[in-house]
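The task is simple: from the sequences and hints, build the whole structure.
Going down the list, the protein sequences come from chains A and B.
Start counting the first sequence at 74; every next residue gets the next number (the working numbering).
Start counting the second sequence at 74; every next residue gets the next number (the working numbering).
Quick caveat, the hints were computed from the structure, so don't treat them as lab data.
It cannot be assumed that every hint is accurate.
[As the list claims (entries may be wrong)] Now the stretches of chain A that chain B is said to cover, found in silico as 3 or more residues with beta-carbon under 8 Å:
# : region
1 : 78 to 84
2 : 90 to 99
3 : 104 to 117
4 : 143 to 154
5 : 157 to 167
6 : 184 to 195
[Stated by the list, open to error] Derived EDC-like pairs (lysine to aspartate or glutamate); straight-line CA-CA distance at most 20 Å:
#  : chain 1 : residue 1 : chain 2 : residue 2
7  : A       : 125       : B       : 188
8  : A       : 81        : B       : 192
9  : A       : 125       : A       : 90
10 : B       : 114       : B       : 157
11 : A       : 150       : B       : 157
12 : B       : 150       : A       : 105
Yeah, the Cβ is synthetic: ideal placement off N, Cα and C, and Gly gets one too.
Number of protein chains: 2
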Amino acid sequence: MNEEALEKFISLLRFNEDGLIPVVVQDYATGEVLTLAYMNKDAVLQTLNTGKAWYWRRSHRRLMMKGERSGRVQLVKEVRIDCDSDTLLILVEQVGGAACHEGYRSCFFRRLRGDGEIEICSERLFEPKEVYKE
Amino acid sequence: MNEEALEKFISLLRFNEDGLIPVVVQDYATGEVLTLAYMNKDAVLQTLNTGKAWYWRRSHRRLMMKGERSGRVQLVKEVRIDCDSDTLLILVEQVGGAACHEGYRSCFFRRLRGDGEIEICSERLFEPKEVYKE
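Spelled out as structure tokens, the structure:
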């Protein structure tokens with residue numbers, strides 16, 4: 074996509090007061106919702122320029138390519154925009170299978186049971202300690 | 074769920090500085106992502122007490138049951154919580170088929186094409202003017 078088209082797309086987006094837009098990340102093949110992340114303008118640009126997902130990591134206060142340490146990058150297959158233009162949905166191929174730093178395919182690996190208890194509803198694909206060593 | 078269990082669940086959640094938590098809403102049957110909405114504590118309580126989705130509508134600045142005007146309510150089948158406890162994912166049965174006030178099944182009815190243009194990628198199920206008359 075050329076620079077003009079990129080800028081035109083970005084000008085459509087309604088970033089919040091922190092300059093961020095929430096991004097629902099969905100597995101392209103399975104439809105599973107993997108995570109909710111945030112992009113700033115640069116993250117949108119980097120994502121569209123590279124075809125890999127870049128996010129503004131609020132806890133680290135910096136722009137990061139998803140998987141830059143773990144190799145578990147997300148290849149972006151499609152970008153959708155909601156009716157209010159204040160949320161994105163991206164469909165991705167999750168390299169390595171697991172999107173969550175806790176080792177699960179999805180960050181939404183816990184569900185609320187009818188009795189109020191929380192239970193894990195997904196299989197752990199890797200042991201976080203083995204991947205994030207420092 | 075009893076009041077104690079409800080309070081325990083709510084105490085797990087990390088609401089943002091505005092007292093809100095983002096909620097990814099996914100169709101239980103099809104896996105389609107319908108919308109991203111926001112709940113405050115009362116919305117979570119009402120949702121869990123009634124089995125129907127209630128949201129804090131930021132544009133209206135009030136708590137609303139989804140579909141209270143249109144009848145297009147969302148019956149909540151499952152509630153998931155992410156690894157950081159700052160986002161919910163709810164799986165719903167969308168009564169009437171369309172979640173979006175624009176008449177589409179999903180609020181994410183527009184996609185970015187490779188050439189930078191935006192195209193509609195979903196079928197319109199109702200004409201908004203016919204439903205929201207006032």
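If any of the earlier hints don't hold here, list their numbers in rising order. 9 and 11
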